[in-house]
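Please take these sequences and the hints and turn them into a complete structure.
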Amino acid sequence: MKKLINDPDHVVRESLEGFAAAHPDLVSVHFNPTFVVRSDGVPDGRVGILSGGGSGHEPMHNGFVGRGMLDAACPGEVFTSPTPDQMLAATEAVSAGAGVLHLVKNYTGDVMNFEMAEEMGADEGIEVRSVVIDDDVAVEDSTYTAGRRGVGGTVLIEKMCGAAADDGRSLEEITDLARRCNSEVRSMGMALTSCTVPSAGEPTFQLADDEMEIGIGIHGEPGRDRMSLESADAVVERLMGPILSDLPFHSGDDVLLFVNGMGATPMMELYLCYRKAAAMAEDHGLNVVRNLVGPYITSLEMAGLSITMMRMTDDLVALWDAPVQTPGLRWGQ
Amino acid sequence: MSRDSTFVRSWIEAFFDRVEENQKYLTKLDSAIGDGDHGQNMVRGLRAAVQSLNDSDTRETLRNVAMSIISKTGGASGPLYGTLFMEAGKTAPDGPIALSDWAAMMRAGLDGVQRRGKAETGEKTMVDALTPAVEALESAVEQDASWSDALSDAAAAAKDGMESTTPMIATKGRASYLGDRSAGHQDPGATSSFYLFAAAVDANETSAE
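If you read the protein sequences in the order shown, they are chains Z and U.
The working numbering applies: residue 1 is where the first sequence begins, and numbers increase by one.
The working numbering applies: residue 1 is where the second sequence begins, and numbers increase by one.
Treat the hints loosely; a few may be bogus.
Unchecked claim - Straight-line C-alpha distance at most 27 angstroms; calculated DSS-like pairs for lysine-lysine: (1) U:Lys24 with Z:Lys3; (2) Z:Lys3 with U:Lys28; (3) U:Lys159 with U:Lys118; (4) U:Lys28 with U:Lys118; (5) U:Lys159 with U:Lys28; (6) U:Lys24 with Z:Lys2; (7) U:Lys28 with Z:Lys2; (8) U:Lys90 with U:Lys118; (9) U:Lys24 with U:Lys159.
Hints were generated in silico from the structure; no laboratory data involved.
Quantities reported herein were computed from a predicted structural model and do not represent experimental measurements.
This is how it looks when you write it as structure tokens:
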């Protein structure tokens, strides 16, 4: 393992200390239990938006805390769900009298810990709702599985819900919005290399130089299939096919196209892949009205990318365009 | 013959020892079908659980263990093992623990795990090791077996259950995302659950000495 770390056990804490020092205008970091909260607080009577998950996916989720997106985030250990006491403390910190929405990626640990936190929050008299995000088309959805994973769609849904909270919408309205966005978004990812979890010290899986994993998640878990490496255009076709056919997207639909880097893939390659993905969307009759390209939901130093597409309506475009000032995403004023 | 809260504390310590000794092995099993953090998470949670042990009674002991695990483990293991100890503690008697009490505590723990994780046997999870172990305890109670025989039977059943997960295709938890590719690997959660029952044998031997 070759990493810029001091001690595998201190990676998360030391990284958060640096994160807090780098962005004091936007976030405050609390320890014992650990959570990140916007430094200017949640205005009275406004819904609080909270998410969380394992560390190692930076900038998600901590990097999306600030104005216009998340009010708080709970980072767990690397690739490990945070715990209910963290979520409860964060929920209390962003509860401003209008309830708190938990945005949960569909991973067993996250779902169970958030469930416990929701029960604990209710005991404290805080109205908590939660929406489980499950946009990954790589996982076959059936009654026999835990369901699809929550991946790239999470970034878009956090942005939409944060803007809706700033707009003064009710907990019920924002919960419905999150569910609607989740039903309109699909993602799929691939990896060229594994990442190395600091505490494990060696790559989670081994890939030969001429191999790739298709249908990976964001925790270094192997994907659905391993196959021979192909050209970038062929890889994009392999990812876009299931996304396009799953929703399905109709000719004339407006979409947001998000090409995400998994941590070690340079922007040059992401733009190269965006070019092909956008061309495929247009060939399909879709209007790419908004886009996002870059590493936003990563898997440590894994090389690879994921593609996410969300069907957009005018109200979603307005929520997307609303100002956002967070360490990981900034536009507007 | 009955056991008391000293036995329960030895059991938690023995569970921690087994998991710590096998931390790398658990992580290796989890790397094959999950995200490779099971060993690390269990050690972190159980270390906190062992630190929570004091001279309190069985119910209080198990409650402290549960809360330590829930707040330190993370992942799916935190809520699942936390719920197991929480429910076992709620079912524990005030005073000495008879073998029938122990079986009832483990049954309550298993029920809690199943409620939290919504898993049945055959889905390649810890439930596949816990279920036969609890059933072995219950049948030992019916046959009026000794503590020593009952705990050995339960550990042996947990081991068989753990091994039975190898050919299974996971339909719950993170391994389910691999579909057919999850077959051929022993489930890490079922493995740590076997250690839980093996630890009861260890604790019984310690207290008999």
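Now for the hints, and whether the structure bears them out:
1. U:Lys24 with Z:Lys3: holds, 20 angstroms
2. Z:Lys3 with U:Lys28: holds, 21 angstroms
3. U:Lys159 with U:Lys118: holds, 22 angstroms
4. U:Lys28 with U:Lys118: holds, 25 angstroms
5. U:Lys159 with U:Lys28: holds, 18 angstroms
6. U:Lys24 with Z:Lys2: Judged against 27 angstroms, a Cα distance of about 19 angstroms means the pair holds.
7. U:Lys28 with Z:Lys2: holds, 20 angstroms
8. U:Lys90 with U:Lys118: Since the Cα atoms of U:Lys90 and U:Lys118 sit roughly 20 angstroms apart, the hinted pair holds (cutoff 27 angstroms).
9. U:Lys24 with U:Lys159: holds, 19 angstroms
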